[in-house]
Amino acid sequence: MIDLILDRVQGIPEWGLLTGLGLLALVAPFVAPSLATQLAFLWLMVVFAQTWDVLGGQLGYNSFGNVIFFGIGCYACAVVQRDSGLPYYEALALGLALAAALALVAALVFGAALLGIRGHYFAIATLGLGIAAGEIAAGWSYIGAGSGLAMPLYPGALGSRELFFYFVMFAIATGCFFTLRWLYGTRFGLAMNAIRDDEDKAEAMGLHTTAIKTIAWAISAVFLGLAGGVAANMLGFIDPRDVAFSGATFGVWMVLMAILGGKGTLWGPVIGAVIFHITKELFWTYLLGWQRVALGLLIVAIVLFFPQGIMGWVKARQQSRAVVTP
Amino acid sequence: MTLLLDVQNVTKRFGGVTANDGVSLQVRTGQIAGLIGPNGSGKSTLFSAIMGAFPIDGGEVMFNGAPISKLRVGPIVRSGLVRTYQQTRIYSEMTCMENMQVSSRASQGNVLSLLRLKARGVDVRAEDLLAFVGLYEKRFEHAGRLSFGQQKLLEFAMALMCEPKLLLLDEPTAGINPTLINGLIDRLQRANKELGVTLLVIEHNMRVIMNLAEHITCLAHGCVLASGAPEEVRNDPRVLDAYLGAH
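If you read the sequences in order, they're chains Z and P.
Take the first sequence: its position 319, counting from 1, is numbered 319 in this note's numbering, and each next residue is one higher.
Numbering-wise, this note's numbering comes out as the position in the second sequence, counting from 1, plus 1000.
Since the hints were made in silico from the structure, they are not lab data.
Keep in mind the model is a prediction, meaning the values are calculated, not measured.
Treat the hints with care, as some may be off.
In the EDC-like style, the derived pairs of lysine to aspartate or glutamate whose C-alpha atoms are separated by at most 16 Å in a straight line are [said to hold, decoys possible]: (1) P:Lys1070 with P:Glu1060; (2) P:Lys1138 with P:Glu1093; (3) Z:Lys315 with Z:Asp7; (4) Z:Lys315 with P:Glu1141; (5) P:Lys1193 with P:Glu1171; (6) Z:Lys315 with P:Glu1093.
Here's a subset of chain P near chain Z, in silico, CB distances under 7 Å, partners left out [what the hints assert, rightly or not]: (7) Thr1018; (8) Ile1068; (9) Lys1070; (10) Leu1071; (11) Val1077; (12) Tyr1091; (13) Val1102; (14) Ser1107; (15) Gln1108; (16) Val1111; (17) Leu1112; (18) Leu1114; (19) Leu1115; (20) Ala1119; (21) Glu1127.
Reference excerpt, derived from the structure (chain Z facing chain P, CB under 7 Å, subset only) [unchecked claim]: (22) Gly119; (23) Ala123; (24) Arg181; (25) Phe188; (26) Ala191; (27) Asn193; (28) Ala194; (29) Glu199; (30) Ala204; (31) Ala211; (32) Arg241.
Ideal Cβ positions, reconstructed from N, Cα and C, are used throughout, including at glycine.
Take the sequences, apply the hints, and build the full model.
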């Protein structure tokens, strides 16, 4: 039965699947306007999971500090919108450009500093990085310190704000997906996998391992920075510890979603993000008061029963059935 | 024949232990050279020292006429000096073809050139080399699923894939089924003759190394004990003592 469904899904050509999902995503906010913000957050989750998987899945570097690029994006965009004196949309565009640029620079700097350490040590170092960033932001009065930063009001008509940010976030998620789809299809992607499997060997085979790791992190940082700028505007308010550098929520969720969907695959993080986001929202709606407990149990269940993730499980099933793969 | 590798008085200490004590050896272009010695005599350390895995405490390594002892692993490999390991090291979650393609010379390019290259695709050279080591049928299998011996062959093919001038092989026959060893010797000789790869081989199997190498160096306690044609080294009383434990 499961195999039958898997075969059916696999029978659909990828472009067909992408077009179908794309059309659905374009129509959805008009069909259900009350869900537009919810769905925009779904795309944010997709960006989170996909960008985490670049290092965590494809390169074998578990980062618990990726949220720092999101936070940098939040603040960079907010400061430009506050101080530039430009009209709303121009300020937003400039803010997003700066968000991406600053996140990129941060990834290059942190990459040079941290990507020399491996395994658990890298995970701990990045965890520290995320926490430190939150504390610094909470103490820096130029960006509002502990009381946070309010975003400028959206100038459009009532109801158009949700739609606008839905489509901006959708564009970022789509751009991220196709960038990574292309990236994983290049020799660069193969080299990332080689580093994941045996970094010393990859170095001893002449690969430019340091450059590959740093550039990979920078690519995921750019999309996180963009997503940060848009998310700040969607929320209307940035809190240093609970929104921008929120390691305990966003920071953990991005890891979980990628693991749930299947690390090291293109579609895994997307599927993981969708399932996780829907489940989480259902918990918030129907298990109010117990939502964090339910989410905690879900996390334990994911790690226990889906260590390979959904795509990993599908792959293993196919491999056990296939005799010779072409 | 010109000197391809010239190791001059290399010394490497780990704390109080001198793993290599003024070791010198030469490998000429086109040669198959052997490196033997009892366990712990510093053979693998010498390979690591040549490959720039750690800084050496004294001496110099010349490769293709240029000093390389100050270089790190990456630049040394890209200049055409490649090693394989005693324990196999392959990319276990990738297929054999992917293992081969990521080992090509093109994959050693900078990030921009990697972004312009397709990950997979038809690669005649990779297929030919897999066929050369007898793994063509396994080309779409995950490398981690291969047996130990097959992984060793894959690692050898990967090393050939990056077109080395000199290949350092650390015990290529260890752990390989005795009936396959003859086939491996044949392949090493063909790689040397047909592909023009100079070889320096660490080997414990005396039958193998005596048949294979034109020139053998024997290490003991980190020093060169004897060096010369296989016959001379085999009959050298000091070498016999080292192996039989007279020290």
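When the hints from earlier in the document are held up against this structure, which numbers fail?
5, 7, 8, 9, 10, 17, 21, 22, 23, 24, 29, 32
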